[in-house]
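**Q** Let the hints inform the model, and build the full structure from the sequences given.
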Amino acid sequence: MSDLLYNEESISSIIEYAQRLENKTIDEVNFEQNSYKGITSTTKNYIVQEKKTKGGFGQYLETAYFGKEADNKSQPDFPAAKLELKASPLKTLSNFEVKVKERLVLNHFTFTDLDKEVFNKSHFKYKNDNILLVFYHYNKEQEYGQMKVQLADLWQCLKEDEVQIRSDWQTIVDKIHAGKAHEISEADTLYLGACTKGATKDTNWQVQPHSDIKAQGRAFCFKLGYINHIFQILTQRKEHRQILETRFLAKNETFLEKINSIFTPYIGKFANEICKMRNENYNLADKSRYANISRRIMGFNKDFSNLYEFNAADIQFKTIRIEPNGKCNESMSFKNIEYCEIVDEEWEDSYFYNAITSKFIIVLFKRNEGQDEYYLDRVIEWQIPVEDYHYFEEVWTDTKNKVALGDYEHFMKISDNPVSHIRPKGKNADDLMFTPQGTQEKKKCFWINQSYIQEKILNPIYKK
DNA sequence: GCATGATCATGC
DNA sequence: GCATGATCATGC
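With this note's numbering as the guide, the letters of the first sequence map in order to residues 1 to 464.
Keep in mind that the hints were calculated from the coordinates and are not lab data.
Each hint should be verified, as a subset may be incorrect.
To be verified - No more than 27 Å apart at the CA atoms, straight line, and that leaves these computed lysine-lysine pairs for DSSO-like:
(1) Lys116 - Lys73
(2) Lys214 - Lys180
(3) Lys86 - Lys148
**A** Here's what the structure looks like:
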């Protein structure tokens with residue numbers, strides 16, 4: 001007890017101790033501190049680093065730095081301070097932007113236990129009220145003690161985002177109450193998710209209280225978009241910047257309510273009329289003009305980073321044009337594939353998985369028979385049905401495998417899969433991106449098939 | 001008519 | 001300069 005370099009009962013003492021790691025590695029700081037105290041050897045039983053596993057850094061942090069026994073207890077890691085310790089790996093993209101690599105897995109639960117809980121006395125709240133997040137640069141070539149820590153700070157999810165976290169928690173519990181634990185999806189919720197565990201996914205089947213159907217065991221997690229948002233917020237607070245702190249929603253207001261109120265004045269108006277009303281330029285040469293009108297109405301900057309809730313929930317904001325017969329002509333594109341990234345990703349931590357399990361808000365512009373111009377028809381919410389995820393996974397896995405093999409010519413086509421395909425998406429055919437092989441290839445991205453958008457989004461609304 | 005490849009204004 | 005969110009153009 002007494003040889004700890006921090007006070008176990010004090011959140012601020014533990015955080016101060018954790019922040020000594022910032023911009024350093026665990027081994028560096030341990031060495032400095034041991035030298036200072038004149039300690040030449042240690043009796044602490046550090047984890048032997050044989051094989052790097054998921055969670056390995058977190059265990060090393062807990063034992064080698066905080067001097068604790070790694071355990072699986074259901075209480076927070078620092079019980080006296082009611083503080084949970086979590087390590088979150090970072091990665092650096094090809095444009096040098098630093099992003100969180102994986103969603104953050106929190107406590108596991110059984111459906112039977114969770115069925116009986118109320119939020120205020122929930123195990124989730126008990127364990128995750130105060131989380132000390134340690135963000136570190138994951139590098140598979142390095143030992144845990146050599147990986148650089150970038151940021152360590154406290155995140156109090158209920159203090160920051162109580163309404164949404166409560167609502168997400170309740171959404172998950174309500175599915176258990178309804179005997180639908182087997183239908184739980186990460187797309188049901190915005191910040192807090194209920195995720196399956198990758199490795200044991202196919203064997204971990206559990207009973208649920210209100211149905212005989214077995215369901216995959218799950219854990220709470222901060223969805224990838226939310227943990228990235230937390231990382232941005234904490235980084236900005238550290239730099240005393242406050243860009244992201246403006247809330248989009250009033251308390252208890254839903255996205256759809258807020259969005260409908262913003263769009264109401266423009267419903268039924270043609271695109272050029274909307275621009276006139278808003279004193280904006282209407283440029284027919286702009287291929288994204290409908291999307292740009294929608295985004296300007298919302299008051300976004302490009303990546304939502306001025307709108308707290310959009311950023312936190314990683315909302316997919318899309319605009320579709322609909323023809324007089326109720327059809328759309330185009331597939332839907334996503335970000336370019338980072339060839340160097342995808343080969344190291346796992347499906348459930350990939351950008352594309354994150355996108356398809358996010359909420360979609362879709363602005364629909366429509367054209368009637370005899371009209372040349374599209375008018376703003378409505379704004380809808382949508383999410384991809386969980387039973388279709390495996391199709392997206394097939395396309396993603398096929399793409400990852402082909403990139404790993406250096407085959408950039410035979411990605412899946414629109415006719416190869418009912419939901420998704422790969423297509424070019426660059427400035428032109430000379431717009432290239434580096435590959436793991438060190439070569440450069442045409443920029444391409446995942447697309448959701450036009451036929452799938454037609455069937456799942458448009459037919460339910462426009463089919464006569 | 002549709003699948004596929006190519007392209008472009010915008011905003012940061 | 002570049003990613004984004006799309007639409008356009010071509011050829012079968």
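**Q** Against each hint, give a clear statement of whether it holds in the structure.
**A** Now the hints, each set against the structure:
Of the supplied pair hints, the one linking Lys116 and Lys73 holds, its CA atoms being roughly 20 Å apart against a limit of 27 Å. Restraint check for Lys214 and Lys180: the C-alpha separation of about 10 Å stays at or below 27 Å, so the hint holds. Distance restraint check for Lys86 and Lys148: the Cα-Cα separation of roughly 15 Å lies within the 27 Å cut-off, and the hinted pair is therefore satisfied.
Every hint, counting from the list given before, is met by this structure.
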